[in-house]
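K.L.:
Sequences listed follow chains A and B, in order. Quick note: the first sequence, position 32, residue 32 per the UniProt record's numbering, numbers continuous. Quick note: the second sequence, position 91, residue 91 per the UniProt record's numbering, numbers continuous.
These are calculated hints, taken from the structure and not from any lab test. Where hints are given, some of them may not hold.
No copy is singled out in the list; a pair is fine if it fits within one copy or between any two copies.
Think about it this way: if two alpha-carbon atoms lie no more than 20 Å apart in a straight line, the pair counts; the simulated SDA-like pairs of lysine to any residue are [what the hints assert, rightly or not]: (1) LYS413 to CYS385; (2) LYS286 to GLU89; (3) LYS107 to THR71; (4) LYS45 to TRP112; (5) LYS48 to GLU212; (6) LYS53 to LYS413; (7) LYS424 to GLU203; (8) LYS424 to MET307; (9) LYS107 to MET97; (10) LYS87 to MET97; (11) LYS383 to ILE373; (12) LYS383 to PHE255; (13) LYS325 to ASP14; (14) LYS383 to PRO464; (15) LYS485 to ASN248; (16) LYS333 to LEU192; (17) LYS286 to GLU257; (18) LYS333 to ILE33; (19) LYS53 to PRO276; (20) LYS205 to ASN47; (21) LYS333 to ARG162; (22) LYS107 to ILE179; (23) LYS414 to VAL217; (24) LYS333 to GLY446; (25) LYS333 to ASN165; (26) LYS333 to GLU36.
These figures come from a predicted structure and were not determined experimentally.
Protein chains: 2
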Amino acid sequence: MTVSSSTSKVLTIDTINPHVRTMEYAVRGALPIRAEQLVRELRNKDNKLPFDKITFCNIGNPQQLGQKPLTFIRQVTALVEYTDLLKDENMELTKKMFPEDAIDRAKNILGWTNNAIGAYTESLGIHEIRESVAKFIEERDGFAADADSIGLTAGASVAVERILNLIISSSNVGIMIPIPQYPLYTATIAKLDAHAVPYYLRENKQWGLNAEELKQVLSEHKAKGIDVRALVVINPGNPTGSLLTKENMVDIVRFCEENKLVLIADEVYQANIYQPERRPFHSFKKIVRELDSSVELFSLHSISKGMIGECGRRGGYYETVNLDKDVSDQLYKMAAVSLCPNVTGQVAVEIMVNPPKKGEPSYNLYQQELNDIYESMRRRSIKLCDAFNALENITCNSAEGAMYLFPQIRFPKKAIQAAEELGKSPEFLYCMGLLESTGVCVVPGGGFHQEPGTFHFRSTFLPPEDQLDQFIERIKGFHDSFMDKYRD
Amino acid sequence: MTVSSSTSKVLTIDTINPHVRTMEYAVRGALPIRAEQLVRELRNKDNKLPFDKITFCNIGNPQQLGQKPLTFIRQVTALVEYTDLLKDENMELTKKMFPEDAIDRAKNILGWTNNAIGAYTESLGIHEIRESVAKFIEERDGFAADADSIGLTAGASVAVERILNLIISSSNVGIMIPIPQYPLYTATIAKLDAHAVPYYLRENKQWGLNAEELKQVLSEHKAKGIDVRALVVINPGNPTGSLLTKENMVDIVRFCEENKLVLIADEVYQANIYQPERRPFHSFKKIVRELDSSVELFSLHSISKGMIGECGRRGGYYETVNLDKDVSDQLYKMAAVSLCPNVTGQVAVEIMVNPPKKGEPSYNLYQQELNDIYESMRRRSIKLCDAFNALENITCNSAEGAMYLFPQIRFPKKAIQAAEELGKSPEFLYCMGLLESTGVCVVPGGGFHQEPGTFHFRSTFLPPEDQLDQFIERIKGFHDSFMDKYRD
């Protein structure tokens, strides 16, 4: 087999799409790649690693760390998958293994697809499921929603990519994004060769934002000739774990309206709300309606987050508000080219927005599973946050929502110098050291962008509750020795 | 609720990404959209439509038209979804409803994911499944394959989009595509603002191609300054239903090598081969290896086609051959940004490439289901092709592969004039007429592009076998009256 040398290739790092090359995605970048290598090294019994497992806190992937799926979702899915279970002659056995309401649900969903769950659905997803989503939104917000303004997607990432692709009409377009942000945004904007226009969340104000700063950032970028067209909010925040105040939300909607910006509201963590009395979740859809605003809004949701955590299944939806009909038609066409979102992802969306109701056989179990996960996540968020704050040179805002903490580290000068000598950022040095000595995988803050001169990392608080003390001990052990090594 | 007038919107048909606007995707375009409306009209019992159902032949969507899924795929999926079925205390009941090998398979697959089928997998898909794919390719071709050169995707469409996005580095890039073609290619190339460089398949040579013409097309486009970088083949052909001769395949590989073109081989219909003695399937991977060629190849496969037809599930894979390592890393990064392909799509890929083996409990049923579907598809392809050829002014090549026929219609001048007066193509007039009077939905040939001055439509041959006579009668009735109306 002759393989010609790299220089004779058509595709090299220098000839491919430069905007692909520019993309960065730290959540699955250098640290997680090294962590995957370590997983393989651990399989070798003669390994000399100082830990016996890798704990992946780089990504909000609850079931990877042992979170159990919600039983009802899996029951309904199994029944729509293997429909022989629903045949009359098997029903006696099936009823021994599946509750009545899971059977009824499965039959309903099959009916919506003419018993062909294996066929492409409508491009935007099964119409009846989009109706369920609309009803869920109405009940959540107290304002009407329309199934035709909803598109099901294989996770929110697909929606983000599709929406940005629609909006970005030239390389002169700018999209305002919060800093810190989830790197899907910078990656997608880079791929589409547009400008990420950053506005900062204020760490010392619980990651709130300053409406005056929005104006300033916008006018600075407009002055440079950039066609700023949209503003992204992530609420609850990723990586910050914070919720915007209602005042901030009103400011944002007004700002978008005054400045003719489309609003993209990433609300995938809307069920992960840990201080509901002090800081409840409000959707941007609700704020837009309350203000009677004409802002064009895209709102995103997902089955990967919340207490469902069905990350591997890939499911979600977007709702559009105040969108021009011709533009909706173009979004439909984009969906059509990729045929349809996977059906079991759609099924999980249906159950997320229309769970078992009071009086139905699965109601109690569903609520209990949901609540157990919720309470445990809340407790873990507090415990891990307290643990971070107890460490030398670390401060960390509490998690009002989402699945992440984003602690700030103030590095000793010696650590910064040591990192500089290696050509790395100090937080990279820290996170890689943490991984190599404890098996804990977190993501350096630079991957999310951060205020210059500050250093953070993002960690999920998803390690199982019964292992959390030990997890904290591992981090503390590394942290103390790191500080001992570099203390000024 | 105040909605401002369309003119004050940020996003209008004139301000969105113009390359999105340019995309065309006829397979789910005007005809299918009208067909969906008719489905809703049929639900009204007082409708006056001259048919009682819509037959969707616009898209290769077998289960929509009643094809049964392969039992083993569904059994394994149900078990990995609802893992309570695998608990010791339930095993007695489970064994009554599931064969032993489905249970074993489910346990294996769960093991590969640490019992967390609901977690994100590796970005390129579960490693063990990629190893199964590599083994399948080795057995198919007789040449080595490497799991690290394989990426699982949510259907081949995702792979096409990702690969073209990687290759298209500027709006000056050209991608050679066959005409007629599957419109995903023109749509994606349009979205990425590159040039589709057409080469024609010769209808009178069973849709074969002419190596001399490839050279000519290439030099014409190079002379215009276009940076032609890749060539797409769809084999078996879509919409043509043809297979390339081995001679044609050798010509293509040599042509790509000589002219430094990347080869993208869309081989999703590789299991739909209806004249295997006369025209067997050869993969381009095999030809590249036989020729000891250094051509950079992407080969695509899917669970949506073949006899599996799990379209709604979204699963597939690509294999890269001779790709530079740095470029592979960039492909990995692109996969990472969208996290991972959905897990049950991956599960179906595993079973497609690694079906039950001789001696295992499910072997006979699996083979019988596969074979029944195959034989029926083959019979239907012949019967429908014969029926088209029996119609006035229609000629149609037989289907050597895939799921489609692409008959040519020679329209009377009067029909062409009538269409012109309506501002439509004659085949659009024909196809819309067919839909409105019979409920049969096919796609006008223009959606696939065709040699200027020729007119075609694409129809699947997927209507159920027991309804095929009636289906043919409906088409013949419309066709005859159309010709009566417009005969010169």
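K.L.:
Does each hint hold? Answer for all of them.
P.N.:
Hints and how they fare:
no. : hint             : in the structure
1   : LYS413 to CYS385 : neither (25 Å within a copy, 78 Å between copies)
2   : LYS286 to GLU89  : neither (49 Å within a copy, 48 Å between copies)
3   : LYS107 to THR71  : both (17 Å within a copy, 18 Å between copies)
4   : LYS45 to TRP112  : between (51 Å within a copy, 19 Å between copies)
5   : LYS48 to GLU212  : neither (54 Å within a copy, 61 Å between copies)
6   : LYS53 to LYS413  : neither (32 Å within a copy, 75 Å between copies)
7   : LYS424 to GLU203 : neither (24 Å within a copy, 60 Å between copies)
8   : LYS424 to MET307 : neither (36 Å within a copy, 52 Å between copies)
9   : LYS107 to MET97  : both (16 Å within a copy, 19 Å between copies)
10  : LYS87 to MET97   : both (14 Å within a copy, 12 Å between copies)
11  : LYS383 to ILE373 : within (15 Å within a copy, 57 Å between copies)
12  : LYS383 to PHE255 : neither (37 Å within a copy, 64 Å between copies)
13  : LYS325 to ASP14  : between (41 Å within a copy, 13 Å between copies)
14  : LYS383 to PRO464 : within (12 Å within a copy, 60 Å between copies)
15  : LYS485 to ASN248 : neither (42 Å within a copy, 67 Å between copies)
16  : LYS333 to LEU192 : both (19 Å within a copy, 15 Å between copies)
17  : LYS286 to GLU257 : within (15 Å within a copy, 58 Å between copies)
18  : LYS333 to ILE33  : between (36 Å within a copy, 11 Å between copies)
19  : LYS53 to PRO276  : neither (35 Å within a copy, 51 Å between copies)
20  : LYS205 to ASN47  : neither (46 Å within a copy, 62 Å between copies)
21  : LYS333 to ARG162 : both (11 Å within a copy, 18 Å between copies)
22  : LYS107 to ILE179 : neither (46 Å within a copy, 43 Å between copies)
23  : LYS414 to VAL217 : neither (34 Å within a copy, 63 Å between copies)
24  : LYS333 to GLY446 : between (36 Å within a copy, 17 Å between copies)
25  : LYS333 to ASN165 : both (13 Å within a copy, 19 Å between copies)
26  : LYS333 to GLU36  : between (38 Å within a copy, 15 Å between copies)
In the structure shown, a violation is registered for the earlier hints numbered 1, 2, 5, 6, 7, 8, 12, 15, 19, 20, 22 and 23, in ascending order.
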